Structure formats: C-alpha cells, structure tokens
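In the UniProt record's numbering, the protein residues as written are 1 to 107.
Hint data in this document are derived by calculation from the structure and do not stem from the laboratory.
This one's a predicted model, so the numbers in the text were calculated from it and none came from an experiment.
Among the hints, erroneous ones may be present.
[Unchecked claim] Within a straight-line C-alpha distance of at most 27 Å, the following computed DSSO-like cross-link-like pairs (lysine-lysine) qualify:
#1 K101 with K74
#2 K28 with K84
#3 K28 with K101
#4 K101 with K81
#5 K28 with K79
#6 K61 with K91
#7 K28 with K81
#8 K79 with K101
#9 K84 with K61
#10 K91 with K26
#11 K91 with K28
#12 K87 with K61
#13 K74 with K61
#14 K84 with K74
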Amino acid sequence: MKIIQFSELIILSAILATGCAVQNDKTKVRGMGLTYNAEITTDQHGNYISAVEAAPLAGRKGGAESYAMENATKYCNNKNKTVKIIKNQTKSHLLVNGVAKLTFTCI
1 MKIIQFSELI
11 ILSAILATGC
21 AVQNDKTKVR
31 GMGLTYNAEI
41 TTDQHGNYIS
51 AVEAAPLAGR
61 KGGAESYAME
71 NATKYCNNKN
81 KTVKIIKNQT
91 KSHLLVNGVA
101 KLTFTCI
C-alpha cells in the first residue's frame, strides 16, 4: 500500500514539475476546461506567433488551434488587418493537453 502511495506521489510531482508547454501569460476557462495562452510574440522573420495549450475539456488539440486562431484574429483586428497563416503546428503535452503554435502575419 505504501509503495502505491509513493509511486502516485512521484507521478504527481513529475506532472506538476513539467508545467505548461507554452508561456502561461493568461489562463482562461473555455468550455469546461482550461487554456493557457501566451502573449503574441514575433519571430526572427518579423512574423507573429500565437501559442495556446488546451486541456481535454477545452478541446485538446482542436481547441488549442481554434483559440490560437482566435487570439491571432483579435491581434490583427486591433490593427485593422486580417490574418494570413504562415505555419500551424500542433502537438500533445503530457499525453493529455493539446498545444497549438500558429505563425502568422497581419495583412
């Protein structure tokens, strides 16, 4: 019994120590889950990057993609421009959460 409790503690500690796959500048409740949103940044080519991690109840990979696009659209709309997607990448984090990284420009 103590071995099981110890192994559960080790697993929980490992999960908590890994943190988010994206810079967590803003946490939002979407659907019934959480999303971790990074502020829009620029890459070395002058393009913008929108990154979001979404829990399963927030849509996982599909949710992360949708919220990254929503953030990019709002960013460009604030400049009175529209989004042009350059690259869209998705992956899993901790085998559970979905992560999306959208590289875009405003035209």
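message: Output the indices of the hints that this structure fails to meet, ascending.
response: none
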